[in-house]
Structures are given as structure tokens and as C-alpha cells.
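Participant: Residue-level listing of the chains:
There are 4 protein chains.
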Amino acid sequence: MSTTRQIDVAQLVTAYTATRQATEQLCAPLVTEDYVIQAMPDVSPTKWHIAHVTWFFETFLLKPHLPGYEPIDPQYDYLFNSYYNAIGPQYDRPSRGLLSRPTVAEVYAYRAHVDRAMLVLLEGASEAQMAEVGPAVTLGINHEQQHQELLLTDIKYNLSINPLRPAYHGVELPRRRSAPLAWHDHDGGTVEVGHDGSGFSFDNESPRHEALLQPYRIASRPVTCGEYAAFVDDGGYTRPDLWLSAGWGTVQAEGWEAPLYWERIDGGWWVFTLSGMLRLDEHAPVCHLSYVEADAYARWAGKRLPTEQEWEHAAAGAPLGGNLAESGLFQPVAPGENGAGLRQLYGDVWEWTQSAYLAYPGFAPPAGALGEYNGKFMVGQMVLRGGSCVTPESHIRATYRNFFHPADRWQFQGLRLAADA
Amino acid sequence: MSTTRQIDVAQLVTAYTATRQATEQLCAPLVTEDYVIQAMPDVSPTKWHIAHVTWFFETFLLKPHLPGYEPIDPQYDYLFNSYYNAIGPQYDRPSRGLLSRPTVAEVYAYRAHVDRAMLVLLEGASEAQMAEVGPAVTLGINHEQQHQELLLTDIKYNLSINPLRPAYHGVELPRRRSAPLAWHDHDGGTVEVGHDGSGFSFDNESPRHEALLQPYRIASRPVTCGEYAAFVDDGGYTRPDLWLSAGWGTVQAEGWEAPLYWERIDGGWWVFTLSGMLRLDEHAPVCHLSYVEADAYARWAGKRLPTEQEWEHAAAGAPLGGNLAESGLFQPVAPGENGAGLRQLYGDVWEWTQSAYLAYPGFAPPAGALGEYNGKFMVGQMVLRGGSCVTPESHIRATYRNFFHPADRWQFQGLRLAADA
Amino acid sequence: MSTTRQIDVAQLVTAYTATRQATEQLCAPLVTEDYVIQAMPDVSPTKWHIAHVTWFFETFLLKPHLPGYEPIDPQYDYLFNSYYNAIGPQYDRPSRGLLSRPTVAEVYAYRAHVDRAMLVLLEGASEAQMAEVGPAVTLGINHEQQHQELLLTDIKYNLSINPLRPAYHGVELPRRRSAPLAWHDHDGGTVEVGHDGSGFSFDNESPRHEALLQPYRIASRPVTCGEYAAFVDDGGYTRPDLWLSAGWGTVQAEGWEAPLYWERIDGGWWVFTLSGMLRLDEHAPVCHLSYVEADAYARWAGKRLPTEQEWEHAAAGAPLGGNLAESGLFQPVAPGENGAGLRQLYGDVWEWTQSAYLAYPGFAPPAGALGEYNGKFMVGQMVLRGGSCVTPESHIRATYRNFFHPADRWQFQGLRLAADA
Amino acid sequence: MSTTRQIDVAQLVTAYTATRQATEQLCAPLVTEDYVIQAMPDVSPTKWHIAHVTWFFETFLLKPHLPGYEPIDPQYDYLFNSYYNAIGPQYDRPSRGLLSRPTVAEVYAYRAHVDRAMLVLLEGASEAQMAEVGPAVTLGINHEQQHQELLLTDIKYNLSINPLRPAYHGVELPRRRSAPLAWHDHDGGTVEVGHDGSGFSFDNESPRHEALLQPYRIASRPVTCGEYAAFVDDGGYTRPDLWLSAGWGTVQAEGWEAPLYWERIDGGWWVFTLSGMLRLDEHAPVCHLSYVEADAYARWAGKRLPTEQEWEHAAAGAPLGGNLAESGLFQPVAPGENGAGLRQLYGDVWEWTQSAYLAYPGFAPPAGALGEYNGKFMVGQMVLRGGSCVTPESHIRATYRNFFHPADRWQFQGLRLAADA
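These protein sequence lines map, in sequence, to chains A, B, C and D. Going left to right, the first sequence walks through residues 58 to 478 as this note's numbering numbers them. Going left to right, the second sequence walks through residues 58 to 478 as this note's numbering numbers them. Going left to right, the third sequence walks through residues 58 to 478 as this note's numbering numbers them. Going left to right, the fourth sequence walks through residues 58 to 478 as this note's numbering numbers them.
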């Protein structure tokens, strides 16, 4: 038994250490100045991300469970709390980019301080303690993985608005063909969705429950940049009949003419990527679409978005893999023409569904501050599924529910078409 | 056969005339100045409402179907089109209250002009024409009924911000007791929801389809002002743990401390009504709540809001009636202690559900401009059910889906609790 | 002696009554709806103007000086106080157009109520009382004359934003030629400016004091629409080198391409006037210019604006007259080619000077609430001189200092060029 | 003759080099992150300042005068042009803090690149060339000195909003007494003001001209923090009668209760300084006041602000010196009780005058881009005189006109009282 515990602890320590290192690895290409900026309210400075995930372990593990733990600075509680009202007040979110201190070096020192204490905690925890500590550490690891993704989406946005269009890294992207679009039919009926409790999941994936589906079809792959360019060329951004009313309002107010990061240069489309400005790859999945753009495209194509239940049912049993963060590309690419079944379910782009982000029947968030993790965002957002090219592979699964506002588009968001069968 | 047609036409003429007169009757208590103002972007001037519903008949009936019809003023198309992009551009919505012309008298002349032409159209329509004209007239009548409700909610808001707190009418409100709260259990399972096609319905109520419900309980009546006041007194508006994140943001930004129209005067609660300022009636259903307030109350009460499918299933077969517009009270009141079953399902207050306003499976809006009626609003809003004290009785039914944004509260919106069984 | 007093009182009663009637006469062309609206924060509803000037007499005459005076409604103090903090709080200025009550009829009843009481006060005042009452009544009369002008500038703006472009009245405007521009030279030196104390003046015109002028030249007439159109045609609104930095910012932010009320229709310039839309009169003085436009034009013309001291010195001794409110045109027009000296000094358009609106040396506002009349606005505004086509003749004089913000242009504002000699 | 030129060039090189080094010296206490941030639109990142002053030399010296000069990056023209429309478009000013690149190191490399080229230019310039190059270099040096001051005021603001309140440096401030307030009388009359052409001056100080002054008195020293605290304690920020209307609006809108950087901690006043948070020094000149606060204080004290002509006339002949940048304190302090005449005319705090920033009679800006340096800001701002504790001594003189908007207060701005004699 103690052996099991030791194995468990060892596994946890390994996972913890690997996750912490992965985060820092993602920052390796950055210069100090890149850590500081916040180019719009929705994004956070890199510095804030790597401090906040540290604060998470400090707040939910070290303070309650490691006697004698000494915080490096009591004000970090205020600076690096994201939105946990049960913990205390928070520094103004849109102003995170106005802080030069603590410095990047100080934040790394904060990380090291917490890492040392975490190892003390984990290695000294009794079996009884581990029952409580273990799940919280696992949550902290998954939380940090979420911020690894956000760190990249945010630094992409932060660099993109710079007239110099600096690249994050020099990785070269493969140019492959995408397969022709095919359709997969499903009978519908009463199916089970939601997480079954084996392994880690977020509270919003539970409880597993029955859902009733009408017969439907789902596309074999996401919509490509080439297909989306046809929509743009067909006047997609000038025809109100294709848009939800709120979406059309945004198109007008923001002057949208194409997805985020597309630029028309000398008559051709270029896109800003973490590898810098590149010519549009027509075979790659279209990316950085808002919900209202995905919806408008589907209407133009005579199709619709899938519901999240349809998506999950179609994905059930499909192997997990694809262009995820481990590929190191950090940009959606075509997988090549060969392949069967539903392709690119995981990785490349988060796929918008037509489902609002709401509680599953019987959903109950945990008590206390961690109950604020997911549940309090259940209004006004839409569900996305499948992970993206900046999602770690160990982080994603078929039941995973991501969620963003209908006009958000700085995440790696695309779409897969569906239709009534 | 022609007899049938004549009867149909006669019925339609009667319904048309009655609806048009009802609208004007609602305006009887107003002075000219009241027709002009717009106290916030979401409301429209009374003058605009009574012109817009007229424009609807002109646009969708007279112009396409009455040869030789002459509009009174070609610019009315621009001024009184609400949001139909397929018809043409629209005058800026938040600026509707900046127009003194056309005058109220001119708008009434516009109404009379269109009414005369409508009678010519209806009385001269062939049976074949009636197949097309009839449904459009019915839609126009239902549309005007919606604006009768909006006209009252908007004039209530417009008068409320005036420091003089002018009353719309002098109607005295009955003060009755409400019954104690009871719970009604439902087994769940696969049930049918949506409109079955008999009689008029809006496109968003279709198609009728199966839905899967978990066992649930629903309250016998809406939450009362007295019950809600207990939530307020318990610090409901100061505890972030009770609120959705977006709701808490609104509470902070807007300084909300109670429902719209509640004022604390000399230590007691008063409410602004269309009958002027009145002492809070603790037995009346609580009203003018946003979704986030309804949700916060439910969380405080250890319950939840029903889904729209739960609400509709529970309401199926219940008799239609209650404190609707015909009562002339235009304010929610308690029905008295006696009564069985689910009470106040219809009338008094629209009841927030926890369902986002989205397309039913298989939903397809009609082609053309009328496809913009409902479908293009299917993002970011929540469904309400049951009608209110300003809804005409002939307008409401169990399948009716009303929808507003989560922070809206100038409609007559309340809530009925539900729970897992 | 008492005869003198009676004559004075009689004169005051005549002036009071004439002014009050003149205000109401200006409203004669309006329909009720016109009284209510407020098309931007800077303008006030007509209804508010005619109530506010009444409140002025009530507040500064009746309440302190007429024992037993009963206000019609105690809340009018809050609604119709413009900016006198010493009197009490004020209803939010940009929201004046959101009030339907008191109605127009009620406001006229308020006027009549105050008029009756004013006559009681004036006719019963002792000689001693008149020493205090008389100057305050005179101030109230001049105050009401200012609002006669604002009432017209505001209703012009309010009607102008209506797509129907309704005319205020049907007056036909004379089309005459303007004389060629000539220059009048002045030696400068030490001159006297400011009011000499004979007759009424506002506090900001005092004390009369010496000013030192360099030799200068001033134009014989204001700049005409034709001259200004040449500036527009020469790319005046597209060349930042012609503009003050703040002005260029406004041009960009507001999309200005011409003076307020100019519209390019089928290639030609039209202007909105109180007589409706008219073809641009090239000989009429250009009007509805902001300071920054006047300044940009002068720079383009290789000239400058006069200082207020230069203007006043040049105007000293010139006969008072011109196209003022009494002409009933309410639009600047050309005076014809014949005439000598500085023409159109009074009437037509207020003339921007390059002087900031600041205290004269030794300026001291009166104690109490009336000290707020002018003095507290002495920052951030520029001085205009000469009155306009909507200024009553008895209201204007050479020492009169009007003032507006550099970007304001809804007043009848034009310019007269000056230069160093 | 060539010797003279060589001396001139040598002096210019010395001045150039000293100024450039002084700028970099000011940055020595900063960490990389401090260079990046922009805590409000009015301030600029340190990185931007040190690049912009470099751009100034590149644009006005190297590009026109050094054949074969190669810019480091053509996009710097866009990024580091502040407001010279004649040069080209400019990167959005409020977004300067959103750029992580070029990095701080790259900006220093840019400085070094330009410095090398400048020395080549200066050392190779013929006498004829020097006639043109010399004045432009001198302007560039004075321009960089202005930005040395702004660099410090901006970094102070940037650090101040950080909850950690980081200090810029560890300099300890002397605590000395201030002398009692005395009054100096002046007769007024016709006096000369403006720069006489000997040595460098900005265009806005010319031409020297006569001005007419009334007899006046001026205070022997600026208002102290202790005196200002008495105004605060007397309810200065709660009494609208003391304020200009625009100022009172700002007090209400911004919630001002004291000067910028004052914080009430445990009942006592503390101030944020470049040496960190310090207890208020009652003897030091009050600082970080807007014009409207200085004006309100003067009204409360029964006095007024001086005009800029009064200030300059009073300062004429006074020795130049005081707590200027060279003292290295970067915070106003009391000079001690001993001393005669007008004290602290130079250094400590810029002194608000009641004069609007307008053109002197006969003012003509130079042709071309450099004409944009000062002239285009001549509306809506007020003049300040005397320099501050962050102004280099070689930069200030009696005729120097600084100017800011009436609500600005992040500069080292204070006041000296005046009165009519």
C-alpha cells in the first residue's frame, strides 16, 4: 500500500515537474519584454500566466497543506488571483499589462520557491493527506496546461499587433494536402455523454447522462482555409442574411473582412502565425474564427454546426492524437490526403458547436473556491470541442468542454460542419 | 367554399381590427410628449412602436399584394424598419428618441392610411391570394401583439426615470395572498415539446420534437416579492458566491441592490408600477429580474431554474388564463390562496428558464425577410416562458419561446424554481 | 421721485413682458413633439429652455423677494436648475430629453404662474426693494435673451438630424451679393476695452481696462461661404499642416469634411437652415464653424483671427445693427454690395477670436449663486464677438463676450480675418 | 575662422554627447520591464522616449544631411515619430505600451548607431553646413532634455499605479523648513516679455514684445504641501464654489480628494515619490496639481494665479538655479528658511499661470515639419513657468513656456500665488 502511494506520489511528482518545465519551455523563445505586454483586455501577459499558475499551487496546496509555508510576497495573492472571489479581491484584469514589477526574474524565483515547497509537500504527504492533496495537484497540473495554451494564444495576439510582426519561433510548417470532405452518418437516438469518472476530468463534464439525438451527419474534417476563402470571396462578410444579428453587428462595428490574422497583401492572403507572416495554406484548417463567423460560414454552405452531444457521440472511441502541442508546430496544418474516419478531431483547431455552455443535468460544482473554476461562467458562452495545435495531448479528451464568447477569436478556433441526416 | 373564405376573411378582419384598436387603446392614457422619448437604447418611443407595426403590414402585405398601393412617405421605410436587412437599411436604433417628426398625429394618420388599405386588400383578396395573405396577416397581428407588450414595458421604463415618477394610469391593484409554495414532481423520460402545428405559432417553436428529461420537480407558483426580499436582506447582492461571473460583474458595474423599479424609501420597499409608486406587495410575484438575478436567487434558495423543456412539459394541458393584459392591471399580483396545480403559469411574469435560446433540432426559418424574425437572434439570449401581465391572452401558449439577454430586466420577468427530483 | 420709480418699473415691466412674449413667439412654429427632444448632450429641449428661464426668475426674484410666493412644483428646482451649485443639485444635463413630463402645457402654465407673480412683485416693490430687484430682473431678461438664441440653435440642431429634415419655418431668405473683401488698418497702441458701466453688461465684460495692441488689420466683412468652399475644395479638411493638433484629431475622429449642416448633394453644396434645406449661398457668411475650422481657414488664407481686444477696438463706435434676430431670418445672409466701414460686425455670425475666455485684469464675480453665471467657465473656451442672426438686437454690444469650446459648432459661428499690419 | 568652427563643433559634440549620456544615465536604475509599460495614454514607455529622441536626430539631421546614411530599420520612422504629420503617419500613441519589440537592447543599439552617425556628420560638416546643422542639433539637444523630464514624470506614473509601489531610486530627500510667505509688489506698466534672441529658445517664446501689466503682487515662494493640506482639510475638494465648472466636473468624475500621489494612510498623508512612499513633507512645495486644483486653491486663499507676463516680469534678472534635475533628488523640497527675493522660481515645481497657451503677437512657426513642434498645440492648454526638479538647469530660462491641459497633473506642477496690488 505504501508502495502504491509511493508510486502515486512519484507519478504525481513526475507529472508536476514535467508540466512546470513544459511551461517554462514554452517561454524559452521569448525576450523579457514579451512577458510584460497585454495587447487587449482578454489576453494576459506571459509573466502573469506563469505567476498565476504558481499562485494556484500556493493557494490551493501549500497554504492549506504545508505547515510553515512562507509566501514570497503577500501581495502576490492580490496580483495573481484571477477570479476567485472566495480567496479575495483581484487586481484589475485589463490592467495586468501595466505592471513592470515583479520582474520576470522575480516571477521565476517565485516559481522556484513554490516548486521547492511543492516537492516538500508531496514527498512528505501521508497517505491520508494524499487523498486530498493528490486530486488538487492533478487539478493544478491540468490548470497549468490550460494556461500553457492561453500563454501561446495570448503571446500570438500580443506579437500580432506589433507592426514589426515578430515571430515567436522559427519552426517551419509542413504543407500537405487535405482530404476531400466526406460525411459520416449517425442514427441518433438516446446516447450517453459526459465523463464516466475514469481519470481526471473537469467538473463541467459531469455527470455522465443520457442525451437524445436526431439522426445527423458530421463532416470528415474541419473546414479548410481554401473553403473559407471561397466564402470570403463570395461576399460572406458583406451579406447580412448569412449572419446572426449580433454577429452582423460585430462585423460592422469591428470592420471584420476575414478571420483574425488574415491580411490581404498584394492581392493574396497572408496569415500571422507563431512562425511569423506566412502565405495562406489553403489545405490547413481555417482558424481564429468567432462563433458568429463559423455559424455564418455554415449557413452559407447550407449546413450547420454540430451540437456538443453530436460531436462527442461522433468522437467516442476515436483514437486521441493529431497536431497537438507536442508537435511543436503551434499552427493548424493539413494532415495529408490519406486517412479514414473522422480526421483532426483532436488538435489543429477547437471546433465550435452550436451548444451554449450550460450545466449538464445534475451538475454540481464543488464547494468552496474551486467551485468557481467552471460553473460561474455558464451563461453567454458557446462550447468548443477537440483541442487545438496548442493543447497538450494529455490534456484533451472526447468529453472536454471548452467555452468562449460568440465574438472571441484569438483562440485557435475553427469548425467542422454537420447536418440533419 | 367561398363561404368559408368569407368567414375566414371576416374573422381575419375582425382580428386585425381588434388588434389595431387594442394598440391604440393602450395609448389612450398617454400625452403627446410620452410618445416621443426613449430613456435607454433598449426601449423604443411609443410613437415608433405604433408606426413600426403599421410598417410591418405595409411592407409584408400592402406593397407585395395590393396593386397601386401608395405609401404615405417613402422615408418611413427607413425610419420604421426595425431590423430587416433584406428590406433595407434602418435608422439608428438608439436614436429613435431624437426624432420629433413625424408627429404623433402624422403617425396616427399613417395607421389609418394603412388600415384603410388593409381592408381593401382583405376584402378584395381571392381565395388563392388569401392562402398567402392570410398567414402573413396573422403574423402581423401576432407581431403587433408583441409590440403591445413592448409598448407597455417601454413606456413603464420611460416614465420610471422621470424624477416626477408619473403614473401611466390610475388603476388600483388588488392585494391578495399567495399560496404557500408546493412542489410538483415529474418523472422525466422522453417527452414531446414544440408546437404541433394547430393554430398560429412562431417559427422558433418548431419543429415539435422529442426531448429527454431527467426526473424533476417544479414549484407550484413563481417566487414572490416577499421571498425575494429575504434574499436581498440576506445580502444577496453582496455575495459573489451566489452569482454567475457575468452577473456579478453587472451587479458591481451597475450598482444593483434590488430588482429594477424597487426603491428603498424610509426603510421600506416601494416599487414603480404603471399605477405609479406603490408599497411592495410581498405576495405578488417578484418581477423585473434579469436572468443573473433569477439564477442567483435560485442558488441562494438551493434550487435551480427549470429548463424550457421541463417548463413546457409541466405546463402541457394546463388551462390558459391568469393575470394577462386583458385584466388591465399591467402589474403582477397574487392570485389568492385557493387553487390547485401549477398556478400563474400564464400571465403575471415571464419565467426565466436555464435554457439558452437556440434552434430546435431541424429548425428552418422561412426564406426571405421574414426569416429574420426570430432565427437571427439565436445566440447569447435565454428563454422565458408563460407570458406576463402585459401579454394578450390570445397571444400566449405553452410552446411560446420568449428570449432576452441575461442582463435585461425591463420586461416583466420573474422566476419559478425547479429542482432535480 | 416716485414718478421716476414708476417709470422705471413700467419700463422694466414692459421689457420683462416683451422678452417673455418674444420667447413664446419663437416657439410658435413648433409642434409639441419638437419641445421634447435633445439630439446631443450640448443642446437642450425647447421645453427645458422655456422652463429654465422661468426658474431663473422664480429662484432669483420670487423666492427671495415675494413673500408668500408658492412654487407650482418643488421638484422644478431640481429639474430646471442648469448649473447653479449654490442653489442645489441639478438633473443630469445630457438626460434632459428623456423627460416627457412636465408636459409642454404644464411648462406654459409654469411660465404664466411665474409671470403673474413677477408682475405682483414688480408692481408692489418699494423703491428700496427695486434697487435690488431691478438689476436682478434686468439680468433675468438678458438671461432669457441668451436662451432665445440657444433655443433656436438647439432646435435647429434637433431638427437637422432628422432624416426628414423638417423646416422650423417657411421664411424665404434674400439672396444678395457680398462686397469684395477690404482691409482696415489700425495703429494699435494702448487702448481701452471692457464695459464702461453705462447700461447693462455681464460681469465678464468688466472692468474696463487698458490693453496694448500691435498695429493690425481687420477684414471689412466675415468670410463667405464661397470663400470657405474654396478652402474645402483645396483639400482643407485633408491637410494636417493647416490645423491645430486638437482640431486635426477632431477632423479625423468625427469625419468632418465641411462645416456643420453642409451636405454635398449631386455634386453641389446644400445647407440645412431653419427654413429647411437650401442651396449654398456663396455670398452669405460661412457659419457653423468650430474654432479649429476658423483657425485652419485663416492659416490657409495666410491670415489669422483677431484677438478679442482687436475686434472690440475696431468695433468701437460702429453703429449697432445688422441681420439680428429681429430680421426674423435666423440665417446669415449677404448684406448687398454697397456699404462702408466694417460691415456685419453685429448679427449674421458670431466671430471667433484667437483669445481664450479668461478673466479681465481685476475681474471679480458677484458673491453668491449669480457668481456662477460666467466666471466658472473661464478655462478651455474661446471668445466670440458680435452676435448672430439669432441674437436680439437689444442684447448685443461691442464689449459682449460670448464663449464656446474649440470644437463646438452648432452655434451661428463664423469668422472675420485679421493680420499683423 | 576654421578654428572658431572647430570650437563650435567641439562644443556641440560635447553638448550632444553629454545630453545623450544624461538620458541613459536616467535609465540606469530601471529594469528591462520598466522600459515597456504605459500606464495611461498620456505617458510613454521609457523605451519609446529614448528611441524617439534618437529618431529626432535621425530624421532632422542624418537623413537630410549625411549622405549615405542607412537607417537601422525603416519601420522606426512609423514607430517613433511622435506627431510630425509632415514626416509621415504615426503609430497609435495610446498603444505604445503594447509593443515588446524592438527590445530595449535593440533600442540602445539604435541609439549607438545614430550617435556614431551624428559624430560623423558633425565632425565632417563644413562651415556652410554647420549653419544649418548646428541649430538643428541644438534643437535636438533641447528636445532630448524635454524628454529627459518626461521620461522621469512618466516612469513615476508608471511605477505609481503598481500595488507594490516600487521606488525608482533610493535617494534620500532632505527635510528642511520653508520660509514664511512674503509678497513682492510690482508696479505694472508696459514691460517687455519674450525671448531676446541671445542663445537658444523655442519658437513659442518669440517675438519679444511689449505687454501691459496692472500693478500686482507675487508670492515669495510656491505654495507648500502644508498649506495645501489645510485647503484639503477645509473641504476644498467638496465645495463646488471654489472650482471652475470643468474642474468640479473632473473632481466628481475622477473622485479626486487630494493631489496626485497623495495617499491617506492611517490618518496621515503619504506621497509616492521616485524614492518610494514617503510621509508628506509639509514644507516642500505642493506638486502634481492640475490647473483647476491650483486655481481652486488660489480662490480659497483669496488670491489668484499670476499671468505668464507677470511671472516673467517678476523673474527677470533673478539668478537661475534651484532644485533642478542636477540635484538628483527628482522631488520638490523646501530650500530652508534663509534667503531673499523670489525663491524657488526655478526648479522644484512648474508654476501654473492663469494664461492660456497662445501665440505671442507676431508669432510665426518655422516652415516645414519643425513648425509642428510647438505652434499646433496653441489651443486648450495653460502656460506653466520656471521648470521643476526634473528639468535640466541648462534647459530652463525666464522666458520658457511650458504648457499642459487644465486637468493634467502627472507633471511636477505646483503654484505660486499672485494678487492685484
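Hints listed in this document are in silico derivations from the structure and should not be mistaken for laboratory results. Note that CB positions come from ideal geometry on N, CA and C, so glycine has one too. It cannot be assumed that every hint is accurate.
Unchecked claim - Covered stretches of chain D (chain A as the covering partner; in silico rule of three or more C-beta atoms under 8 angstroms from a C-beta of chain A):
1) 86 to 94
2) 132 to 142
3) 190 to 202
4) 457 to 467
Participant: Compare the structure with each hint and give your call.
Facilitator: Evaluation of the provided hints:
With 7 residues bearing a CB less than 8 angstroms from a CB of chain A, the stretch 86 to 94 of chain D meets the requirement of three and the coverage assertion stands. Under a criterion of three residues with beta carbons nearer than 8 angstroms to beta carbons of chain A, the stated coverage of the stretch 132 to 142 of chain D is upheld, 3 such residues being counted. Three residues within the 8 angstroms Cβ limit are the bar, and the stretch 190 to 202 of chain D against chain A gives 0, so the coverage statement is violated. Counting residues of the stretch 457 to 467 of chain D whose beta carbon lies closer than 8 angstroms to any beta carbon of chain A gives 0, which falls below the threshold of three, so the coverage claim is violated.
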